[in-house]
Every structure is written in C-alpha cells, then in structure tokens.
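In order, the protein sequence lines correspond to chains V and U. Heads up, the final residue of the first sequence is numbered 201 in my numbering, and it's a clean run with no missing numbers. Heads up, the final residue of the second sequence is numbered 524 in my numbering, and it's a clean run with no missing numbers.
Hints were generated in silico from the structure; no laboratory data involved. Yeah, the Cβ is synthetic: ideal placement off N, Cα and C, and Gly gets one too. Be careful, since some hints might not be right.
To be verified - Covered by chain V, per the in silico footprint, the following chain U stretches (three or more residues, Cβ under 8 Å):
1) 309-321
2) 382-393
Said to hold, decoys possible - In silico lysine to any residue, SDA-like type, Cα no more than 25 Å apart, as pairs:
3) U:Lys313 - V:Arg78
4) U:Lys500 - V:Asp13
5) U:Lys313 - V:Ser175
6) U:Lys284 - U:Thr228
7) U:Lys313 - V:Asp125
8) U:Lys500 - V:His172
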Amino acid sequence: MLITGIKSRPVYDQLVPMASGLRHIAVAQGSGGKPVLRLLAEMTAGQRASTTVVYSTESFTGNSYLSELQDQDDVELRVVATNSEALQALDDVLSTANMGTRLYLAGSEGFIGTAMQVASAYGLDRDEILREHAGSFVRRVWCAHCDTYTENVTTRVFRCPGCELDLVVRDHYSSRLAAFQGVKADGEVPGELPEIEELDT
Amino acid sequence: MTTAHNGTLALRVDRIEPVTPEINRYTLSAADGAWLPPFSGGSHLTLLIDTENGTRRNAYSLMSSPYDASMYQIAVRRIEDGKGGSVAMHRRISVGDVIPVTIPANLFPLSKHARHHLFIAGGVGITPIFAQLEELNLKGGSFEVHLAVRGPEHATLGRELIERYGDRVTLYGDGERGRMDIAAVLAERPLGTHVYVCGPARMIDDVVDRAHEQGWTDSHIHYEKFEDAGSTGEPFTVTLAKSGAVIEVSPEQSLLEAVEERGFKLPYLCRGGACGECETEVLELDGTLDHRDDWLSEKDRASNAIIMPCVSRATCSKLVINA
Ligand code: FES
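Could you put the whole structure together from the sequences, leaning on the hints where they help?
In structure tokens, the structure reads:
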C-alpha cells in the first residue's frame, strides 16, 4: 500500500511566456537553466526587458547553464551558489513585486516544491505560475519520525541523517511540506527491509 | 435555531430605515424568536415577495454582522421599472410583516489566501461588503474600500463605513471627491491582492478589464454573479428516486430550492456551489447537465453521474437523482 502510483505528485508544465503578465520572474536551479533559456528565447524584447532570472548553480547532475544565461545581456540575472540562496533571492524579489507578476520555476522537484512555498506565502496563485521539471527526479523526503528533510534521495530505502532510521520513501507527495514522506522501513517486521531499488521517477 | 419549512424561513420585519432616497434598510428576525442560521460575509438571501403580479424571488446581500445571529439586515433599492419586487418591498411591506426567505447562500465569499482585500463598489453594491468587512475586521485581515455614489444624499451607507473603519474607506461622488479612477485604484498593488467588485454591470466590466490590463489573473478578481452563476435558467423536471416525487424547477429557483419547497431535504452548506456538501448522484439522464458549481472536477462533470443541486441545472426530458 505504501508504494503505488504517485497521484499526489504535481503535474508539471512547460515554461512558455505568459503574455498577460507585465513582469516576469524566472527561478531555476542546475538543469532548470535549459528550460529558462528556451523561455527567454520565446519572449518578446519587451518581456525580456521586464524579466529577472535567479539561477542557482547547485546541481545534483552537475549540469550548468550559467554561461549561456550570462550571454542574455538584456535580461537581469542574479546568480547564487546554492538553492537555499535562490529561495532567499526569490523572497527578496517577490517582496517588492506587484500584481501582474508571473513566476516561472525550473529544476528538481524539491527545488520547485520549496519555491512554491515561498510563492504561496506571497499569495501567488496557480494561474500566475508555471513549473517545469528538469534534471533527475530525485526526491526531497520528510522524515515522519524526526522531522528532518533530506534532499536528493534516489533510492527507495535510505538512512535518515536525523534519526538514523532506515526509511522507505512513500509515493505520497505533500505540497504543504514540499516533500515525499519517509517512514520507518521495517515498521511491520523488525529487521525486514524492502528492496533498496532505484526510485524510478 | 429557527428551521426552514418547505425551503424558507419565516422572517419578521422589525425595522425599516430609509438610508438614501431610493434605498431602505430592513432588519429581519425569526418570526418564532429563535436564532437565525449562520452565514459568511458575501452571502445573500432570496425573499419571496408578494406583488400584484404574483410572487417575485429577489436576491439581496446580507449586510449585518455574520457574528450576530439575532437579526439579518438587507438593503433594497427601489427600481421603478423593474419586475415589481423592490417596489412592493418599499410600498407594501411594513414593520411586523412576515416574509418567506431562503436560507443564506454565498456566491461572493472572501478569498482565504489574500494578503490584501480591495473592495470596489457602486451604490447599493456596498451591501455584501458590510458583512465581509465585519468578518475581516474580526479576523484581522488587511483591506480597503472604494465606494462610488451618485451624490451626497446617496452617501449614508458609505459614511457609516467611514465611521467604523476610518481612512480605509474612500468615498467618491459624495460632493467632496470626484470620480473613481479604477485603473489608479488597481495600480501597483502588492502580490496577493484580491479585488472584489459589486455594482452595476458596467462597473464590473470596467474593473475586470482594467485589472487584466495590469496583468491581474482571474483568480484574484471576484464579483457578484447573481445572474450567471446563481441558479436561474430554463425550467426542468427532476424525479427523486427514493420517493418517486416528480418536481418542477422553475426558472427562478435552484434545484435545491425546488426540492425543499416540496418539503424534501437535501444536504447543503454554502448553497453556492463551493463546498461540495450537496453532491448528489444522477441515476438517469436524458439530456445534458448544466454544471455551474466550482466543486466538481472536469472528469466528474463529463461523467454526467453527479450534480450539485444548489446551483446546477439540466436541459433534459428526464432527470432522476438519488435523493
Ligand atoms: S451546498 Fe455547497 S456546493 Fe452545494
């Protein structure tokens, strides 16, 4: 019952310019640079002039689109080294943004999920945001026992760095926590672990 | 709490106050002296008003506090060339009269996620906002009100709001300030602002257009949709499977109201297509359903197997519901 099809996982979009917006903010991490470059290429000169890109070079796969993004000289670019700095920068930009703003998110699932939390806190609605998944489908996991969040989990069973329990990653994604839930793996029969397969998603 | 019989509450008129040359405020309470059903800011009542040409069903927004269950207040503007309901309210109804009134329904609720609420109203359109402000004031939400009136003698309700909420309320056309510039009111608002507009159709269109021009998305724009989302439309017939009762739904009432009028009960909460409470299974259908709720998913709608009787209708030769 723990591991079934993932119905709660968000359905992602493709980044395309939202023409009704007057100001555009794109936030990307690692491989997410690629969809943002595509987005910028589809924008009009006017849209590019009212666009801010926040790019984090932190990446699980090692892909970087930094130099291509730096070549877009009519677009305002803020480069940061970590995803958490990117979220801070997003918070910053949103704090002075007005109604009429559109937000574009691209990167790993965990990154998009946490960026969505920042956006929701500013009252942005789903019709003002597009999200495109990029890179590997690593999971951000929340430990149901010690409340620790672990980024970039790729296997079905892993050891929680917080409480050192072996956790099985459930297929239920909580958008409130922006994470998948991890629960004690040998909860039913002590010592008996499910197979440590790769997460296929 | 007072209960509905055949879908309506019996409410007694306790007080009638003229507030402008055209608008009277009515204070109503339960004829049996019991508490009234609760409501949320933005709700309306439908009054069944006796006129020379039969019963009129007129919807009026509740303007009293949602936290006061002892009375309801509504404001009625007299429309001389209307269908006669408002004129009857002004000329025939007096203190002590008892009027059948439907249970409050909300088609104009406050957004729960808004960081700032911006209200734009014209004339008697200010009434639902009275109740919404009571709610926001108690919950501590941030808001401001822009109200346009046609002259100082029409500004009484606006002045009452200024007394309660001070400079969060701006009055236009009262002799002191000129016309409202809607584009300027909407300009440079922080993220998470929601606008609510209630007034003449022209004003609603204007606000929606200006907001779109400034890049607002529809999720942040709210207006009272009595005509298009409220349940009026072509008449149809529904059969209740459990009792076999065959019920006519008239053009001016909802399926839920028609069922209640015949003395049957269906579950409900919001009566506005938002809460999901009234969800009812469709057993047989010969025709199409006209889904007007905000509750069912696209898939549920397409299935033709579920209907929300508080707002949705049907164009059909046969409709049997599991009730
Ligand atoms: S009563 Fe709430 S949806 Fe019908």
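- Item | lysine 284 (chain U) paired with threonine 228 (chain U) [C-alpha distance capped at 25 Å] | The hint holds at about 23 Å.
- Task: Quick one: see if chain V covers the region 309-321 of chain U, three-plus residues with Cβ-Cβ under 8 Å.
- Result: Check passed, 3 qualifying residues.
- Message: With the threshold set at 25 Å, check whether the alpha-carbon distance from lysine 500 (chain U) to aspartate 13 (chain V) stays at or below it.
- Response: Holds: lysine 500 (chain U) and aspartate 13 (chain V) sit about 20 Å apart, inside 25 Å.
- Please work out if lysine 313 (chain U) and aspartate 125 (chain V) have their alpha carbons no farther apart than 25 Å. 12 Å, holds
- Message: What's the verdict on lysine 500 (chain U) and histidine 172 (chain V), does the C-alpha distance respect the 25 Å limit or exceed it?
- Response: Holds - the C-alpha atoms of histidine 172 (chain V) and lysine 500 (chain U) are around 22 Å apart, at most 25 Å.
- Can you take a look at whether the region 382-393 of chain U is actually covered by chain V? Rule is 3+ residues, C-beta closer than 8 Å. holds (count 6)
- Message: Check whether the Cα positions of lysine 313 (chain U) and serine 175 (chain V) lie no farther apart than 25 Å.
- Response: 18 Å, holds
- Starting from lysine 313 (chain U), check that the Cα of arginine 78 (chain V) is at most 25 Å away, please. 33 Å, violated
In summary, the one numbered hint that this structure violates is 3.
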